[in-house]
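Visitor: Sequence:
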Amino acid sequence: MRKITIFIWFLSIFSVAQEVEKKSLIFKEIGFNSSFLKKQSQNVIYNIKDLRWTNKIDQDNDGYDRSRKLEFNPDVSNGSATIYANIYYKLSSSTRYVFYKKTGNIGISGNTNRYYSVDINSLNRGIYDFRIDLVDANTKVVKDFENANSKAILNDERFEKTSEDPTQQTFNITSASWTNIVDNDKDGYRSSGRLVFRPSVSSGTATVYARIYRKLYNSNNYSLYKTTNNFSISSVASNSYNIDIGGANGELARGIYDFRIDLFKSGSTSIKATRGPSNDPDLNDERFEKTSEDPTQQTFNITSASWTNIVDNDKDGYRSSGRLVFRPSVSSGTATVYARIYRKLYNSNNYSLYKTTNNFSISSVASNSYNIDIGGANGELARGIYDFRIDLFKSGSTSIKATRGPSNDPDLNDERFEKTSEDNSNNTNCIFVKDTDAFKATKNNIEIVLENSKTLKGFQFDVEIPIGFTFQIPDLKKSPLLDNFQVSGSYINSNTIRIIAFSLNNAVISTNKQSLLTLPIYIDKSVTEGKYQIPITNKIISDVNNDNIASNCTADGTVTVKSGIQGDVNSDLVVNILDILGVVDHIFGNTPSNFNSALADLNTDNTINVLDILEIQDIILGSNTSSKSTINHSKTDLNYLFIKDLTVSPDSNNKLEIKLKNNNIIKGMQFDVELPSGVTFNPSDIESTTRLDGFNVSSNKLSGNTYRVLIFSLTSKTLPVGDGTILKLPISISSDISLDTYPITFTKVTLSNTNNVNVASTPETIGNIIINTLSNYELEKNFSFLVFPNPAKDNITITSSFEINKVEVYSLLGKRVIESTTTKSINIKKLSNAIYFVKVITKRGSAIKRFVKQ
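Heads up: the sequence shown begins at 1 in my numbering, then just goes up one per residue.
What the hints contain is simulated information worked out from the structure, not anything from laboratory work. Hints are all accurate, no fakes.
EDC-like mimics (lysine to aspartate or glutamate), calculated; alpha carbons at most 20 Å apart, straight line: (1) Lys215 to Asp258; (2) Lys655 to Asp672; (3) Lys440 to Glu615; (4) Lys56 to Glu71; (5) Lys793 to Glu819; (6) Lys815 to Asp672; (7) Lys102 to Asp75.
With the hints as constraints, model all of the structure from the sequences given.
Guide: Structure follows, in structure tokens:
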């Protein structure tokens, strides 16, 4: 054991001696006295424990870095010391190191095991060796060093400048096409053509050249046709380069050719991009022939068509006549020709001959024109939108030499004509205020009307508002006539509003006389009763040709101001129960003769319903909805009506339960319900449940089998959040009613919260009246079916104990969305995600189940 210990000690001494000897030789090589090493061994030993390179940047991936970090791990055998490092470099082929960089002072201690870094960059392209000296910051004596001889990591390191290390570029030829094709004899074989291609580089710019190769289509071997000069490209793929093929540029014998384009960087023969027949049809099967094989022939052309002398008396965009001017020419010499003019309605496929011209002479001068009058005395055209075609023939021939039509000339497409009798200049195009009554201390809907005998594209006008009349721009209401129009308004002075309307999708306003806009105007109580004119001035009414065709109106609109009280619908100057009853009569279609709709529509939504009743009730009871605490209503709150499923037999009497699910407190409601044919109901027999204690319930038949129900409280009682039956409708089932399942849905539903706001939501479920001769128990026992999967995504499968005749799928609103006789699988992919009801019909009756579409 002792011998082994002595041997290990000897090896350690030998290793240290070798390291000291190595360092001594290296220092001697660079001119340092090695005596300091002995001093180190006697006192404190400094050491560069490790070296490594990090953060290498080589953008062009050529093995030469633009920058790196040299990281070193200095150490001292005991105690602590302050040192710095000097970095030297040399080309690998050189013998002398050059100073590169000095670090800042670094504090080290024994076994710190910490790395410090030096940025190495800005070196010319080359292969370098490096040396690092560890220097005592106090004595300036080198304590340790490493170089290319002692550490391989400092040997043969490749660097280059940033300018020599560009981001790697990729090249592409995005397309190829042909222009300037010369085919004199029109045989499909060109004698020359210009090959246009679009080369690009991923970033920056590059100087490149291209080689064009060609081969016969049935050959496997390409041969070089031409090499281009150098040219510059960028990342803009739309930039093009072209080269002429054939003719004087190098004739090609008659044949079918394939072409290939190879792209090279300037000075290089390495292909950077290529394009050929396999990825571009314009380089495949291109027909060429020699110039001697492509003799010149006369070719004919109609270079343009246009219209002059247009007659449109009524400025409606439809002309009664016009002169069609076209410019025919021949490639060389002169020719005697004639033309045939054809016309068709724009939505037809068949042209009919309109007129044939006399013979006339043409030459190669394309500016020479010929014209023919269309419409009017030359042959009237009924009002419509027409396409025209011009065919050119050589005299004595019926072979078409040239043609021009809608596909290559917009002036022959969608041309509007009408008969002379339809082109009348006496037309009215006017905007005015509709005469109306208005009331003080309330908002009144002042209606602006458009009367136009021409199709319109837009308009602009000013409205002068009398003193005491107040209008807020955001209150401006469009009629459905302007659904596709942008409408804006602004005060141009204290009492004048300018209104502009136009369409961003070329919508137009057809001839009509109807409401255009509504201005909800508040009339102050200080305004004197009487008649007030509201003039429309500075009118601009544009037709489809952007011409102003505004005409003078016969008179300005008149607003007759009267005294009135909001909610005083019978105009007796008192708001009381009589006004509520008048609104109730109006809702049920029995409008009183003294009914004032302007004072009844308290929330100015142009609809008189239970919300207005509740507003009047608040006035009577002294409530003020604006002073109440705000109740936030979420769009996801559920407030809806539905019926409880009812299975009945023909020739029976039953009660249909109407249920209300409400997540908000409800103050009143109004709705319409339509019962199936064969189900009758007397509105006076309607029954309310305890949920509606303290509420007035009214019902009336509207038309057919549709009934309207109105529910509110004269004491402002509210219906708390809940889910349960609110009404029972005694119904009679006729003896001849069809055995079926009838979904019952509600329409025009208004559920008012305590702020008199409609919070009705889409129902999650609907109920059904099921007409069947079986009892519920018998139906369950004798007729059942399965729907699976449920929920479903793409398809549902239905199985039944009886043969299924038909399957119907309904939405929650009762709309039938699918009808099928296939029961194995029903495709529901096109349905929106929601709850649906599937109705299965058999000889024994029908039944309904619910499923979810995901």
